[in-house]
Amino acid sequence: QKEVEQNSGPLSVPEGAIASLNCTYSDRGSQSFFWYRQYSGKSPELIMSIYSNGDKEDGRFTAQLNKASQYVSLLIRDSQPSDSATYLCAVIAGYQKVTFGTGTKLQVIP
Amino acid sequence: DTAVSQTPKYLVTQMGNDKSIKCEQNLGHDTMYWYKQDSKKFLKIMFSYNNKELIINETVPNRFSPKSPDKAHLNLHINSLELGDSAVYFCASSPFSWTVSGNTIYFGEGSWLTVV
Numbered sequence: 856q857k858e859v860e861q862n863s864g865p866l867s868v869p870e871g872a873i874a875s876l877n878c879t880y881s882d883r884g885s886q887s888f889f890w891y892r893q894y895s896g897k898s899p900e901l902i903m904s905i906y907s908n909g910d911k912e913d914g915r916f917t918a919q920l921n922k923a924s925q926y927v928s929l930l931i932r933d934s935q936p937s938d939s940a941t942y943l944c945a946v947i948a949g950y951q952k953v954t955f956g957t958g959t960k961l962q963v964i965p
Numbered sequence: 319d320t321a322v323s324q325t326p327k328y329l330v331t332q333m334g335n336d337k338s339i340k341c342e343q344n345l346g347h348d349t350m351y352w353y354k355q356d357s358k359k360f361l362k363i364m365f366s367y368n369n370k371e372l373i374i375n376e377t378v379p380n381r382f383s384p385k386s387p388d389k390a391h392l393n394l395h396i397n398s399l400e401l402g403d404s405a406v407y408f409c410a411s412s413p414f415s416w417t418v419s420g421n422t423i424y425f426g427e428g429s430w431l432t433v434v
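Going down the list, the protein sequences come from chains S and V. Last residue of the first sequence: number 965 in the working numbering, and the count goes up by one each step with no gaps. Last residue of the second sequence: number 434 in the working numbering, and the count goes up by one each step with no gaps.
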C-alpha cells in the first residue's frame with residue numbers, strides 16, 4: 856500500500872464548477888497535511904495546509920481533513936482554466952519527512 | 319532574488335558520466351532537501367540536511383552523494399549515471415520546525431537531467 860494515494864486523473868471539470876480532489880494516507884500518526892499545485896514544467900507551490908479535523912477555507916480553496924478516515928481533500932470553487940495543473944497531496948508522518956502523493960491532474964474546460 | 323536556486327536547469331549527459339547539481343537558498347532556512355520527480359510525477363525525497371548535517375537519507379543508490387558546505391548550500395553529485403537516473407531533481411528548503419509552525423517548504427525550479 857502506498858503511503859499517500861491520489862487518483863492520477865485527469866479530472867475534468869467545466870469552468871465555474873467545483874473541483875474535488877481526494878487523498879488518503881496510510882500512517883495514522885500523520886499530523887500535518889498539505890496541498891501543492893504544480894504547473895507543467897514548474898516546481899510545486901503550496902496551496903493549503905491543514906493540521907486538525909474539519910474544514911479550512913482560503914479564498915476559492917477549502918481543505919478538508921478527517922483523521923479517523925485518513926482522508927484529506929481539496930475543493931476548488933468556481934474553477935478557472937488557470938487552475939489546470941497537477942495537485943499534490945503531502946503528509947508529514949515522521950521527523951521532517953514529507954511524503955507526497957503521485958498527484959491528480961486537473962483540467963478545467965472553458 | 320530567487321529564494322531557492324539550482325543549477326543547471328537542463329543537463330543532458332551520457333551514461334557512465336559523473337555530474338553535479340548545485341543548490342543555494344537565501345531564505346535563512348536551516349533545512350534543505352533533494353527530491354526526485356520521475357516521469358509519472360511522483361515526487362520522492364532523497365536527502366535532507368539540517369544545518370549541514372544529514373538527517374534523512376532514503377533508499378538511494380550510493381552513486382548519489384549530497385554535500386552541504388554550509389546551511390545555505392546543498393549540492394548533489396551523481397557518479398556513473400544510468401538511464402534510470404533521468405528525472406527532474408528539485409532542491410528545497412524550509413525552516414527547521416516548519417511542520418509545526420505552519421511554514422512551508424520552498425522548492426527550486428528543478429533540474430531536468432536526461433541520461434542518454
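The hints are simulated quantities; they were obtained by calculation from the structure and are not laboratory data. This structure is a prediction, so every number in the text was calculated from the model and none was measured. For each residue, glycine too, the CB sits at the ideal point set by N, CA and C. Hints should not be assumed to be uniformly reliable.
Unchecked claim - In silico BS3-like cross-links for lysine-lysine, where the CA-CA straight-line distance does not exceed 25 angstroms:
(1) S:K897 with V:K340
(2) S:K897 with V:K359
(3) V:K358 with S:K911
Said to hold, decoys possible - Here are a few chain S residues that face chain V, going by a calculated C-beta distance under 7 angstroms:
(4) G914
(5) K922
(6) Y926
For each hint, the structure was consulted:
1. S:K897 with V:K340: holds (18 angstroms)
2. S:K897 with V:K359: holds (11 angstroms)
3. V:K358 with S:K911: violated (29 angstroms)
4. G914: violated (17 angstroms)
5. K922: Violated. Min distance 15 angstroms.
6. Y926: violated (19 angstroms)
This entry does not satisfy hints 3, 4, 5, 6, going by the numbered hints stated previously.
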